[in-house]
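K.L.:
These are the residues of each chain, in order.
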Amino acid sequence: MSRIRHITLTLILLLLASTALHASRPLAGVTGVTADSPRGMGMARLLETHLGNILGSTGVFDQVNVPLLKDQLNKFNCLEDSCVLRFAREAKIGLIIRGSLKDNGDSHILDLYALGTAPPHNGRVVYRMRVRLPASGAGLSAREFSYIYEEQAAQFLSVLLGRYRFPLQIKKEGDGVTVPYDRQISGTFEVCRFEEGYEETDEVRPFRRVGRITLKGGVLAGPSGGWSYRKGDFILYGRRDQGEYLKNYYYGRKKEIVFEKPTVDDTLYMMLFTVPGSATMPVVAPLVGYYGSGDYQGLGLWAVNAAPYLYLEYDGLKNRPKKYEENGRDIPRERTARYHFGLYMLLAGGMSLFVDAFSHDYLGKAAYYQGSQPLMGNSLSAAYLSLICGGGGHFYRGYRLWGYLYFHTDNLLVYATLREFSRSRTYNPSTGSYDKGDINKRRAYGLLGALCAVKAVEITHVLLLKDRIRSGRVLEERYALEGIFRDEEDGGMILGASVAYRF
Amino acid sequence: MNKYLHKYLLRLVLAGMMAVAVPLLGGGTARAEGFSGRVVVFTVPPRSTALEAVAGESVLSINSVFERLGRFRPVEYNRLLAAVEKADKMGISDEKYYETVASLLKADLYVLVTLSQVSNRTIADLRVRALNPACSPLRRNTRLVSRIMKNVSLKLGREIAHLHRGLPLKAPVLKRVQGDVWIIGAGQWSGLEKGFYGTKEAGRIEILETGRFQSVARIPGASLRRGEAITFALYPREEALIAEQERQISRNAEFAYGVGPTLLRGGDAEKQFVSSICIINMGGNVCLPGYGAFLSTSYMGFENPSPDVPGIVFSASVVGMQLGLPSVMNRFKINPLPWVRDNDKSARTQDLQIFLWSTLPVTFTAAYLDQLAHQFHKTEHLPPFFDDRDNMAGVLSLFIPGGGLFYKGRRLAGWGYFVSEMSLAGYGVYNRDETRGKYAFAALGVIKVIDILNAYWVGPAYSFYNLEMEREFRGASFSVGMHRFDDRENTYRAGFVFRF
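Residue numbers (the numbering used here), protein chains in the order written: chain W, 4 to 506; chain A, 188 to 687.
If a hint is listed, it holds; no wrong ones were tucked in.
Under 10 angstroms between C-beta atoms, here's a sample of chain W residues computed to sit facing chain A:
1) His124
2) Arg208
3) Val307
Hints in this document: simulated from the structure, not taken from any laboratory. Note that beta-carbon positions come from the ideal geometry of N, C-alpha and C, so glycine has one too.
Use the sequences and the hints to build the structure in full.
P.N.:
Right, here's the structure in full:
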């Protein structure tokens, strides 16, 4: 008896003895997460447990006992994807989840992927997730690691369930047809039929769409649109709803764990703190915020991005129009605009970088379950910050790139609008007063309109975003665009571009 | 003596002949069957426990690279065990053993890694041999050296990734389904997706459906035999994987050589680096210009550091010049303090004086970075922020002339930029209202941009780090030894090996 058959038989016997199999539910198996260090092994076991628990909680699959499956595969040295896939096909396991945890000293690289054996996946990787996770660190103990790995498992399974589809056989019952499943299916589905000439054991079995059916409560409802039943016809069904539910549930639960309950008071405190925060930003943000929390990337970005506006603020307030008036000098419109811009930066505009200096640290702690962070995770506060300063809400939610984008756009628009509304004033020595110049109202109101439009977009955008509190750093880009320039052996040349999609 | 010399020369010649002959024989027995796309990775059993662990990691790393690039599939472990069992029964030894096992597994390629240790260096000899003549261009002999054991497997993996450069996908034809529809032995694992592809042997073909390792393809009008390979114009994306491997090699080097994990024993090296630049060094240089920069390096945890005297002398001279140049230019007639304007001090002289005094912190920082670079070279440590070294170097060069170059250990280049930029800035300030002053500022702008870009792009000059990052070890090695044969005569040996 071949090794694969041996494993399959053992498992099926044990499965029959231990679990009540639902014929229509696909079977899923976690074949284990390998690790290359003792501490990695502990984490891997933790992850396997969470994967099993969450997968079971969805109710989408029947599960093969994880330790049993691992034992059998290891016993027969069935370690590679090709071997596991052969076994899974024989054992009619529809989904195999595998992974590895590589110890890199200060971090672990988690590589988790799922193989779908049945059509339409035909053994392909349905989803792969590679993420760098901390291996140690201050404040990280068993509790935090358990949360972190549970979150990874939930993230992985939520995306996987969004993509995974499995065949459900159409059965003839009397004059009608039904699609038996452990829940009553409703909706319109395409009917699929395998192409001729392939064996059931073939890795790939192409199929074609032969019609559509509408089901109500798992039973054919209404005409079938020209399709006539043939044994073996099936529909492809997925549980995207469960994926969405998992995603929202775990995000909501994490927010409850890592943020204090958001209240209107938070936003009121933020309002009270706006002027002091904005005014002290040039000193407090770099020293207490970025340097204090060791956020040197933030410090560098702050230095480069804030410098021109801080100069404008300083120059505008130092050389204010009042000083020109005292000396009886003409006041260019830029001088007035800089003064008003300086006031804006002093009273409100600096708040966004003040928020960035602290929120980055708070969200980082929240991502790794380091206590409950105050004042964070409040949509009202995010909207308020987006309203009063450029990119404040985005910095608050942890989106630094977006934050700086809005910060520059808003500041430039604010300055340009103030400039357009400012009149140049020319000193008239004969009257001892100032003559005011004209302004281009059309352009001024146009800029004000643009500023309002950007603000509206910014606030809407920030309200649609979630707080950036995901633990771990996703490693691989899913899409990559690259140019091709290559000589061929026959003297020809290939020029072009390729888009790669990684699995 | 002459007798021994002749014997020694004879042995050298024989050794040379063996070195040439063995690789030729190794690739000689080619498998005549079709393309299987399989590879086997072996390690010659090492003599120490530490190397055994490295050998295990190396096999995993090499297999993982083959897996991720999707051109050659490592044979399954259970099959490998069966083949090894069979080969053991055949009683084959040495070089032929690995080739036999690979042949039994119908592999197209096998990889053999031999590990050894010389002093604190681990040496990995990587041999790639083709059993299928179609794969013979992949044959390689590469020697890799590292002082960090964890990096050996990564460097081997990176070498295998380089092996994949420009390697088109070859898929064996497995069986005909009907008409012109075939099952071929490549699928998603190799990067195939549904759609049309150009092939060398069968022209344009259509992939109708893909699995993990197999696909269904429509191949019109081709007369194919089972096992025959189809070559797709589809190439692996090895660059991303190489970059990933290099990042990890670099991270391991940082872990081994970084001041944080070593000198500061896990302390916050970044914070200490920033503090030392902004506070400690400033104080040190105010007290003792030049020498204060060296003293400040102790703050980074260097034990018994030794100063770089030319650097100290040079930086102290620059500080002296900044303090005294306007006075010298005016034959010491002017007040040496920049904020005092006397009748002999022109506005431009005062501007220059203010500029030179106000940029003293810049000189102090350059002096400190120079002394740090000296310590990093001498004690074999890497500076903080090394994980983000290019950005860090760019930012340092933005604020400090040549700062990024000092950071990367290129001290001479750093001082070159420093002198150029400071001279141009001083000249520009002195001639601010004249055209030549504006030209000086324009030139300063250009040099500043070059400084930043150069700092960003140039590699670090730390040799211990570069040893980890380099691909093939091409250094010359000298060896001596003595052997006694038959308990009677001693044979002395001396060798000088240079790989090319």
